[in-house]
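Dock chains B and C against the given chain A, drawing on the hints supplied.
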Amino acid sequence: MAEAVLSPVKQRPEKKRRTSSSDSARTARPDLIHEDGAGSKAVRLFLIGLSFLFIFVMMILPLATVIKEALKQGWAAYQAAVTDEYTKSAIMLTLLATFSALAINTVFGLFAAWAITKFHFKGKKLLTTLIDIPVTVSPIIAGLIFVLVFGRQSFLYPYLKDAGIQIVYAVPGVILATVFVTFPFISRELIPVLEAQGTDEEEAAALMGASGWSIFTKVTFPHIKWAFLYGVVLCTARAMGEFGAVSVLSGHLRGKTNTLPLYVEVLFQGFEWVPAFAVSSILVIMAVVILVARNIFEHNAKTGSGGV
Amino acid sequence: MKKKMRIAAALLTPVIAAAALSSCGDSGSAENKDGTITLTNVSYDPTRELYAAYNKAFAKHYKEKTGKDITITQSHGGSGKQALEVANGLEADVVTLALEYDVKEVQKAGLIEDGWISEFPNDSAPYTSTIVFLVRKGNPKNIHDWDDLIRDDIGIITPNPKTSGGARWNYLAAWAYAEKLYNNDEAQVKEFIKKLFGNVLVLDSGARGATTTFVENGQGDVLLAWENEAYLSLKDAPDDYEIISPSISILAQPSVAIVDEVVDDRGSREAAEEYLNYLYSDEAQRIEGDNYYRPTNPDILKEYSGVFDLDMVLVTINDFGGWDEAFAKHFADGGVFDQIYEDN
Amino acid sequence: MKEKGKRVIPGLGLSLGVTITMLSVIVIIPLASLAVFTARLTPGKFIDVITNRRVLAAFEVSFITAFIASLINAVMGVILAWVLVRYEFPGRRIIDGMIELPFALPTAVAGISLTALTSDKGWIGRIFDHIGVKIAYTRIGITFALVFVGIPFVVRAVQPVLEKLDGSYEEAAGVMGASRAVIFRKVIFPEIRPAVFTGFGLALGRCIGEYGSVVFIAGNQPYKTEITPLIIMAKLQEYDYASASAIALVMLVFSFTLLFAVNLIQVRNTKILKGGR
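Chains as they are written, first to last, in our numbering: chain A, 1 to 308; chain B, 1 to 344; chain C, 1 to 277.
Bound-form chain A, shown alone (with noise of 0.2 Å):
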């Protein structure tokens, strides 16, 4: 709709090929390429095959694994294990920890892209880099900082303790430490998207007299729908079953603090290792039934509006 508005100011021509460019990109052009047949078939069918050997390699058979163990002992064993107190709780708490680091990474997403691609200023590299950081830092690491500055020798600590605010060793840790592993999944995913985009139809709409949420709803969310679902969906990912870090953070605190995976360790290290299979299970579950969801709410939209 704003589009239709805006489009005598400055339409690329390009643009309408941004959400629909995968499906025509995939159906219309590899028979167009001017090459014998059977070579460019052999070259798909090996790549395709290829694909598949990988993926059966590195991800179905870690998950077969995964279920084969979890079900050494039979079903009342597995059924036993995921639905036992500590695990119902390790399951809440994951919920409320993807949950948090979706809502504070979202919103952090969405202003670091707006600042980041719709504005000059100085500094902008090192900016983004900084954000890029979490990733790439040892997940060790990650909980060793929080340590550093909310634990018992931080100077803070005497500070939060009169406050009666627990952070690490708690559920706020824990939250944290979910949050630092995904900062930047959502404006990573945002920015390319929006950089490409350009300024233009937000300049446009400015001058226009546009507010600044009806251009941000009317004109920006539009295009960078997808990449946001995309965001989304690797940082729920990525929260759910993070370890490394929570652990550090989290105290293993049974019925508190522990998240899946973490509760997952604990069964392993405690010697009893179907369950601890079983438990993983859930999250792979879990992690299947997102991936899964997006694929075909994705599918949907794009089919069903007519690839537009």
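Please note that the accuracy of each hint is not assured.
Simulated pairs of lysine to aspartate or glutamate, DMTMM-like, Cα-Cα distance not exceeding 20 Å [claimed, not checked]:
id	chain 1	residue 1	chain 2	residue 2
1	B	Lys65	B	Glu274
2	C	Lys121	B	Asp239
3	B	Lys56	A	Glu85
4	C	Lys224	B	Glu342
5	B	Lys108	C	Glu88
6	A	Lys72	B	Glu216
7	A	Lys72	B	Asp239
8	A	Lys161	B	Asp260
9	B	Lys235	A	Glu272
10	C	Lys121	B	Glu216
11	C	Lys45	B	Asp338
12	A	Lys68	B	Glu216
13	B	Lys329	C	Asp240
14	C	Lys134	B	Asp240
15	B	Lys329	C	Glu238
16	A	Lys72	B	Asp236
17	A	Lys72	B	Asp240
18	A	Lys68	C	Asp120
19	C	Lys224	B	Asp333
20	C	Lys224	B	Asp338
21	A	Lys41	C	Glu88
22	B	Lys56	A	Asp84
Keep in mind that the hints were calculated from the coordinates and are not lab data.
Okay, now just chains B and C, sitting in the frame of chain A:
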């Protein structure tokens, strides 16, 4: 409109998160509003089943004695890591760790008062264990004592003494054997240890990882393990493994202590003391025996003579001059353990 | 923060303010604590810690395995992205959906499963054992685990660029008789190269710091298969915060440099995406 709502919701979440943050600081006092007392026991990894059983027994005992309900929150992890976390502010009323050295770290951080080691009987170690060999069924490589481990055809699995507190006992047990064998000739002892670790195929970061390597992934011929952990593996697969007790081993004394700063803060000292004291009761000693720890009460230990090899010669950490000395000499940076890997 | 030209879009103050505040609280201030703790060491001691032979060996193991794993990821990532974007075949969406699984599987579980698979008793390891190649407990095993950990970064970096790539150049080149290999080298690769570098950089950064999934498969033999994060872990077990921070700081500086370079490339990447087609 819907979008607006969604984004408004997104903007609100930091506020919610902040609220969640502040609501979590409820650690306050030991006694809840409903009169239930809570304690936190920070322990190390393989004690999970032991304390699951003990906590149940203790809650019953405590109810009978005082009429009050008590719930225990457990935390398990690598012993050194757990000590570190308590030193960094993990609110533990009691610690039940793998070795004295780890409790000392909490003490050094100022949380535990000096003299804790004599606060409870037997150097504050209500149960003990030792280091044994777990080998494949039928003992195909014919392993009976430490000197078999330095043969060329033997592959050993042990955790890394640098990252696993428990593994330090393995190392020291081997050292004790070699000292006796070579009459304290340190050069030869070092050579023995070097050969032994030269046979180590995988140096896992923790005891459980080492067990997995040996049991699930089928690596190596012998696993150096705590007796209680070896029995846990045996319990799962009695037809696949057997336990070999070497002639000399070390008395592993997992230490327990009250974290003074925390119990004073929470007003839980009385409950915490009762909790650790009851570990020495006949009932608790049997629970420990059932979980393959050696009870310290000699009469009850005898009841388990069918399980444990009571004829092994067991040295103690005091034969190494105590933990501080042993640590400085063997495991600190540049210590003997580092040296044996130096000139490869 | 100087303005260039006139700005009409609202929200700079707000968005930049929120960005920098959150970034400071969650990332910058905590990371600065590393420097503070490292500062407890004298410069001489700092050099001693990070140039210790064993630490250097661990750096070497970490960097080499991470580098090789990221190279494999770069190649496989491009192939996967290509297959997912350009081909229609049964199971395509399943593959597409599985790419993020390495993120969701707790690293410890991944590590245990991968070790079970690749030890000489495992499904994969058994096959390679016949030809005398050991995977688990060697550097090959570490690399294997790191490929698992890093693959989503490359695929997800390259995929959007490939989706946006306009086919007209390729079509023109194809019509003019260029072979497939030439088209890929001359037309497609230059377009996706920045994205490949981005994915490579992120994967490399992640792989160097990876602990959970590697520690089970590594074997952890000093000088051979001992990774840097394990050394940090060992220092922490010895309650030696200063040394742990020092090694962590070296890794951090490396990651930062790497990312900064990647971001410079990213700017070019954006220009390509933006470039008038």
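Determine which of the earlier numbered hints do not hold for this structure and return their numbers in increasing order. Violated hints: 5 and 14; rest satisfied.
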